[in-house]
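Trainee: Protein chains in written order, with this note's numbering: chain V, 5 to 481; chain R, 81 to 175.
Errors might be hidden in some of the hints.
In silico EDC-like cross-links for lysine to aspartate or glutamate, where the CA-CA straight-line distance does not exceed 20 Å [stated by the list, open to error]: (1) Lys22/V / Glu146/R; (2) Lys162/R / Asp137/V; (3) Lys133/V / Asp151/R; (4) Lys162/R / Asp141/V; (5) Lys162/R / Asp162/V; (6) Lys22/V / Asp141/V; (7) Lys133/V / Asp152/R; (8) Lys32/V / Glu103/R; (9) Lys162/R / Glu36/V; (10) Lys22/V / Asp151/R; (11) Lys22/V / Glu6/V.
Because the hints were derived from the structure by calculation, they are not lab data.
One letter stands for each residue in the lines below.
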Amino acid sequence: MEWETVIGLEIHAQLSTKSKIFSSASTKYGAEPNSQACAVDLGLPGVLPVLNIEAVNKAIKFGLAVNAHINQRNVFDRKNYFYPDLPKGYQISQLDWPIVGEGKIDITLGENTKSIGVTRAHLEEDAGKSIHDLYDDYTAIDLNRAGTPLLEIVSEPDMRSAKEAVAYAKKIHTLVQYIGICDGNMQEGSFRCDANVSIRPMGQEKLGTRAELKNINSFKFLEKAINLEVERQQDIIEDGGQIVQETRLYDAVKNETRSMRSKEEANDYRYFPDPDLLPVEISDELLASIKAELPELPLEKKARFISDLGLSDYDADVLTSHKALADYFETMLTGNESNAKLCANWVMGELSALLNKNQIEIQDSPVSAQDLSLLIQRIGDDTISGKIAKDVFKAMWDGEGSADDIIESKGLKQMTDMGEIEAIVDEIIANNTPQVEQFKSGNEKIIGFFVGQIMKATGGKANPKQVNELLRKKLVQ
Amino acid sequence: MSLSEDKASQIAYLARLSLSKDELKSNTKELNNILNLVEQLQQIDAKGIEPMSHPLHMSQRLRADEVREIDDSESFQSIAPKTGSGHYLVPTVIE
Numbered sequence: 005m006e007w008e009t010v011i012g013l014e015i016h017a018q019l020s021t022k023s024k025i026f027s028s029a030s031t032k033y034g035a036e037p038n039s040q041a042c043a044v045d046l047g048l049p050g051v052l053p054v055l056n057i058e059a060v061n062k063a064i065k066f067g068l069a070v071n072a073h074i075n076q077r078n079v080f081d082r083k084n085y086f087y088p089d090l091p092k093g094y095q096i097s098q099l100d101w102p103i104v105g106e107g108k109i110d111i112t113l114g115e116n117t118k119s120i121g122v123t124r125a126h127l128e129e130d131a132g133k134s135i136h137d138l139y140d141d142y143t144a145i146d147l148n149r150a151g152t153p154l155l156e157i158v159s160e161p162d163m164r165s166a167k168e169a170v171a172y173a174k175k176i177h178t179l180v181q182y183i184g185i186c187d188g189n190m191q192e193g194s195f196r197c198d199a200n201v202s203i204r205p206m207g208q209e210k211l212g213t214r215a216e217l218k219n220i221n222s223f224k225f226l227e228k229a230i231n232l233e234v235e236r237q238q239d240i241i242e243d244g245g246q247i248v249q250e251t252r253l254y255d256a257v258k259n260e261t262r263s264m265r266s267k268e269e270a271n272d273y274r275y276f277p278d279p280d281l282l283p284v285e286i287s288d289e290l291l292a293s294i295k296a297e298l299p300e301l302p303l304e305k306k307a308r309f310i311s312d313l314g315l316s317d318y319d320a321d322v323l324t325s326h327k328a329l330a331d332y333f334e335t336m337l338t339g340n341e342s343n344a345k346l347c348a349n350w351v352m353g354e355l356s357a358l359l360n361k362n363q364i365e366i367q368d369s370p371v372s373a374q375d376l377s378l379l380i381q382r383i384g385d386d387t388i389s390g391k392i393a394k395d396v397f398k399a400m401w402d403g404e405g406s407a408d409d410i411i412e413s414k415g416l417k418q419m420t421d422m423g424e425i426e427a428i429v430d431e432i433i434a435n436n437t438p439q440v441e442q443f444k445s446g447n448e449k450i451i452g453f454f455v456g457q458i459m460k461a462t463g464g465k466a467n468p469k470q471v472n473e474l475l476r477k478k479l480v481q
Numbered sequence: 081m082s083l084s085e086d087k088a089s090q091i092a093y094l095a096r097l098s099l100s101k102d103e104l105k106s107n108t109k110e111l112n113n114i115l116n117l118v119e120q121l122q123q124i125d126a127k128g129i130e131p132m133s134h135p136l137h138m139s140q141r142l143r144a145d146e147v148r149e150i151d152d153s154e155s156f157q158s159i160a161p162k163t164g165s166g167h168y169l170v171p172t173v174i175e
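Next up, chain V with everything else stripped away, as it sits in the complex (with noise of 0.2 Å):
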């Protein structure tokens, strides 16, 4: 029987604020064990939750991003449990009213281009974090991590395969660092992602038992995660098994899903509107503001790459895939406005190569935008040639300067005496007959020896375009 995948995702984004969402003790990461976890994150009795403006303001932010509708009134609603991570017993979500409705982004997959929607998005507070193999008999808890904002992003069950999946995990990891409002650093924690796995005959309507997956910190393994799942689900059907909602957690390092047994029995959270929060009013004023201060997001920077600066569509889909990335990009541009292709095909090029070689993120280069702006100018105004101009920049690399000092001290300025060019063309011809013979029996090929060979005489600092035309020139005569 041919089978049908049908995925949804909770991605939980923490938002980047410096104090935590209901009180002011600091969010920094890798802080001392419980050293920023003070009696509102505790849970201790009569304390206040007070909102954080910008955790509402960044929500907000997210909400216009994917075209949402933003409820201008929105709840905070109590979520109960109990484990130990998780102090007051509840934890402060948004249930019936959340602060982000229904809008939806564009994902693309090859030539495809998909459209998927999002259902919600809700404001609520991290946990804190359990440690359990730090004492033999005991289980640590560090409630540094509680009260940490997150936006909780749901999507409709929109996702057909886990390349989807992670096509659209993708893309909302690069819209929240594009509009500032998450870090996206997975390793860390600040970006999650729980996918709902289900599947049906192909051609059914009617959605399948799902199963929720946690614990994936990865793209790849959101991707690997998904397809053992789907796999071991036709499995049980095909033996004529039945599939049970339930939560399964993804282990990495064995590769498979098993199932969380702890949370079988108590999926009852008995939601009810927290009495300590009042509901959130969000002004005209305050979401006129935060919609003029919205940055370019990455499909209208994309166009843009496209309509303004003349890339192809797959440049500009590079170089807006991350913020680091398009902004490296455009710093550059400066002093390079007729030479975007050029800059463009530097930073795809030379630059990332170097970069993925070192395993070292864009923003840590050690050749800063600026200083390969003045490298591509450089080439611009034919100072150096592009072939130069990679031996200056693995000098700039590391660590010799910039691309006029390293230029100067190395003498690799361009040859501009058009005489001293044509002597050394003269030379070459005349010490190579058997060659000039060839090319006026028609072998084109044979030219570029001849380059080659003054390019050798000139150190690599004639003009090769120069030195084409002239030779050309000299041959036929």
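Mind docking chain R on chain V? Use the hints.
Mentor: Same frame as chain V, but now just chain R:
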């Protein structure tokens, strides 16, 4: 609407309440009394009335995003049953 003792016992479990047989009996009765009141309320025609989340006609005050708490973990940990290496320690939780 009537709540069975089984259902009441399940609700008690969700709230981590340990009830004796007698307590369960009396609690079930009390819960059913409350549910009977709710049943009366449900006979009211509430069509077109927006559900209310809070009884006050006020909205949430918002706080500026500033760190103003200091590390007070020592005093918090002094009232915890067990701590170690800066952590709160609880009986092992198996996932």
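Trainee: When you check the alpha-carbon spacing of lysine 162/R and glutamate 36/V, does it fall within 20 Å?
Mentor: Since the Cα atoms of lysine 162/R and glutamate 36/V sit roughly 18 Å apart, the hinted pair holds (cutoff 20 Å).
Trainee: Are the Cα atoms of lysine 162/R and aspartate 137/V separated by 20 Å or less?
Mentor: Holds, at about 17 Å.
Trainee: Run the distance test for lysine 22/V versus glutamate 146/R: straight-line Cα separation, threshold 20 Å.
Mentor: Holds: lysine 22/V and glutamate 146/R sit about 6 Å apart, inside 20 Å.
Trainee: Can you confirm whether the C-alpha distance between lysine 32/V and glutamate 103/R stays at or below 20 Å?
Mentor: Measuring from Cα to Cα gives roughly 47 Å; hence the hint is violated.
Trainee: Hey, lysine 133/V versus aspartate 152/R, does the alpha-carbon distance stay inside 20 Å?
Mentor: Satisfied, since the Cα-Cα distance of roughly 19 Å is no more than 20 Å.
Trainee: Keeping to a limit of 20 Å between CA atoms, is the pair of lysine 133/V and aspartate 151/R held or broken?
Mentor: holds, 18 Å
Trainee: Does aspartate 141/V lie within 20 Å of lysine 22/V when you go C-alpha to C-alpha?
Mentor: Between lysine 22/V and aspartate 141/V the Cα gap is close to 35 Å, so the pair fails against 20 Å, i.e. violated.
Trainee: Mind checking the alpha carbons of lysine 162/R and aspartate 162/V for me, to see if they're no more than 20 Å apart?
Mentor: violated, 47 Å
Trainee: Within a Cα-Cα threshold of 20 Å, do lysine 22/V and aspartate 151/R meet the stated pairing?
Mentor: holds, 15 Å
Trainee: Please verify whether lysine 162/R and aspartate 141/V have alpha carbons no more than 20 Å apart.
Mentor: holds, 12 Å
Trainee: With the threshold set at 20 Å, check whether the alpha-carbon distance from lysine 22/V to glutamate 6/V stays at or below it.
Mentor: violated, 50 Å
Of the numbered hints given earlier, the model fails hints 5, 6, 8 and 11; all others are met.
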